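Colleague: Knowing the structure of chain R, use the given hints to seat chain W on it.
Listed in order, the protein sequences are those of chains R and W. FYI, the numbering used here numbers position 34 of the first sequence as 47, with every residue one higher than the one before it. FYI, the numbering used here numbers position 204 of the second sequence as 217, with every residue one higher than the one before it.
Just so you know, these hints were derived from the structure itself, not from any lab. Since we're looking at a predicted model, the values are computed, not measured. Virtual Cβ for every residue (Gly too), placed ideally from N, Cα, C. Just so you know, not all the hints are guaranteed correct.
[Said to hold, decoys possible] Not everything, but these chain R residues come out facing chain W in the computed CB check (under 10 angstroms):
id	residue
1	Glu-18
2	Arg-27
3	Val-39
4	Asp-45
5	Ile-50
6	Gly-53
7	Val-66
8	Val-105
9	Leu-109
10	Glu-111
11	Arg-133
12	Thr-145
13	Ser-151
14	Val-261
[What the hints assert, rightly or not] Now the stretches of chain R that chain W is said to cover, found in silico as 3 or more residues with beta-carbon under 8 angstroms:
id	stretch
15	56-64
16	68-79
17	197-204
18	250-260
There are 2 protein chains.
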Amino acid sequence: MRLSELGEFGLIRRLQEACAAANDRVILGIGDDAAVIRCGEDGRLVLTTDAMVEGVHFERAWYPPDSLGWKCLAVNLSDVAAMGASPICCVVTAALPESWSVEETEALYAGLKRCADRYRCPVVGGDTVRSTAGAVFSVAVLGEMTGTSEIRRSGAAAGDRICVTGVLGGAAVGLNVLCSGGKDRDRFSESVRRLLEPLPRAETGVRLARSGGVTSMIDISDGLTSELRHLCEASGLGCLLYADRVPVSAETASWAAESGKSPVGLALESGEEYELLFTVNPSVRIDTAGPGFIGPEDTVTVIGEMRPPEDGMRIREGGVDSTLRVRGWDHYRSASGNS
Amino acid sequence: MRLSELGEFGLIRRLQEACAAANDRVILGIGDDAAVIRCGEDGRLVLTTDAMVEGVHFERAWYPPDSLGWKCLAVNLSDVAAMGASPICCVVTAALPESWSVEETEALYAGLKRCADRYRCPVVGGDTVRSTAGAVFSVAVLGEMTGTSEIRRSGAAAGDRICVTGVLGGAAVGLNVLCSGGKDRDRFSESVRRLLEPLPRAETGVRLARSGGVTSMIDISDGLTSELRHLCEASGLGCLLYADRVPVSAETASWAAESGKSPVGLALESGEEYELLFTVNPSVRIDTAGPGFIGPEDTVTVIGEMRPPEDGMRIREGGVDSTLRVRGWDHYRSASGNS
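Chain R with its partners taken away, still in its complex shape (with noise of 0.2 angstroms):
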């Protein structure tokens, strides 16, 4: 059998199946956005790793060094977060091609420095190997939670509201400009720039954790729907997603308008957004003003809510209930889709 018969979510059970086994001091292994390893008396770190490939998570001729190294920090922050965890520091594995010059490893190792530097997260380590083919980085984030518990992709319940961070769909605009010959990109710079250089909600995701009321929380690195699907099977649980509520940013709102496609469907397949989808014991309010939930610069729209495991996953939309199409980034398959 190929991998691609087997897709890289049978890839990630089966390396699951293969590594089951843990020791006493692994409180949660493979399966969420981060493991929790027990530390000292009450202490609990995470432990992430993620990779970026070239020809697979970028191409070379629109990807600036620089942008890539905060990328490949920024998405392994953006797990920590989704835990609740704060990071205390990172290693990276650079597998660069001979062809890559002196200048642009320092590019790049710049962009990772200036991550690092903004979201508190020293590089201590690393391992520089030569590449045969494209450049792989890979880089692994250690993090703590500070005075709260992880918050688990397992831990919904039905009558949970849905909720996002910020808006969506920008990451598939991004993309799509810089795709076509970035003739585009001053128009749609935020979009670029969330694609490039996304920020992850660090200081958002510890506020969450530390709210009382998240039940459940993933980040959006493959879509939306996809990440949503990882949640309901977490938890044991459908879902209703108000799609006239999902937040779509103002520029995949242009960009689909031009493009005669659905700024809504851009917003749930969106891969690489990289906020935080979280799942809220109804009793909380949630109110972006409200004391200590999370910061005042940070938006929360609810857009759904958890259902009984009977009900599947569905969607309203103009007030008529379907089935909601899950569609998510497969690496080893072109598109992906299961419903």
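Modeller: Only chain W this time, still in chain R's reference frame:
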């Protein structure tokens, strides 16, 4: 400037400079076998990462996926051991070409699991991505110091004895045997095993740290002379290596005799040995039977002494002292020779 002009160690220095900033949690950053991070009142964690790249570290034609899974974790455990630390858990990134079969991938994970079980270092997370060319595996291991401080590269003093665990040369012999079609595989099975599935000195590293007499330590991944130079540079010292005392494996001696090569030369330059090279205060007795120093299954050989910096790096061979020629593996240069 091309990366091949700068070389691997030049690149690591640039990364080190670029990422020098740390925070109060980082006790030791880039530049040793692993980083050391403060955790809680008096806890110390270590974090390290190491990658294996197809076409650079291995060829698919002669590397069974099961052994590859083992080795990718083992080389990281060797780094943890070289700090005197114990592993807690690891995360893995596997960038696999679509041409890999599911069976090969499962064998890879099975080998990883076998090593994880043997050394009690469970796989707690990972990222599986498509690679557009060769396979790249990157593992990051989290470990901890248990009751001792970490052993750094920089702690040696003039007069300290230079010691090495085990016997050397096997990895070079194994590589030669496999690269020449493997027809002598059975006769050099221990060397091939050593190359394909190295046994990191996990318990030995911890025992050495607890002995109280070890002043500096590093693992042999790039070759003994290259690692010795790291100890000399980090400690600001010179050294005198006793060539005649360097422990050579029996198979290395046989292979060298048949091939007209110098057995000691092979032992000095063979990379991927994953033995520990360390320095010991001369007042501490180096004795395999010494209580608590190292275990009965370990052999330790004194192969030289640290000297004042003005002596430089020297080698004594047949009673004659000369400048030690340092050779090691540089991934961006097919052969690297510096004196």
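Colleague: A separate judgement is required for each hint: does it hold in the structure or not?
Modeller: Each hint, compared with the structure:
1. Glu-18: Hint holds; R:Glu-18 Cβ to chain W Cβ min 8 angstroms, cut 10 angstroms.
2. Arg-27: holds (6 angstroms)
3. Val-39: holds (6 angstroms)
4. Asp-45: holds (8 angstroms)
5. Ile-50: holds (6 angstroms)
6. Gly-53: Given a least distance of 4 angstroms, the restraint on R:Gly-53 holds.
7. Val-66: For R:Val-66, the interface hint holds, since the closest Cβ of chain W sits about 5 angstroms away, which is under 10 angstroms.
8. Val-105: holds (7 angstroms)
9. Leu-109: holds (6 angstroms)
10. Glu-111: holds (5 angstroms)
11. Arg-133: At 6 angstroms from the nearest chain W Cβ, R:Arg-133 passes the 10 angstroms test, so the hint holds.
12. Thr-145: holds (3 angstroms)
13. Ser-151: With a minimum Cβ separation of about 4 angstroms from chain W (threshold 10 angstroms), the hint on R:Ser-151 holds.
14. Val-261: violated (28 angstroms)
15. 56-64: holds (count 7)
16. 68-79: Satisfied; 3 residues make the cut.
17. 197-204: With 0 residues closer than 8 angstroms to chain W, the stretch 197-204 of chain R misses the three-residue bar; violated.
18. 250-260: violated (count 0)
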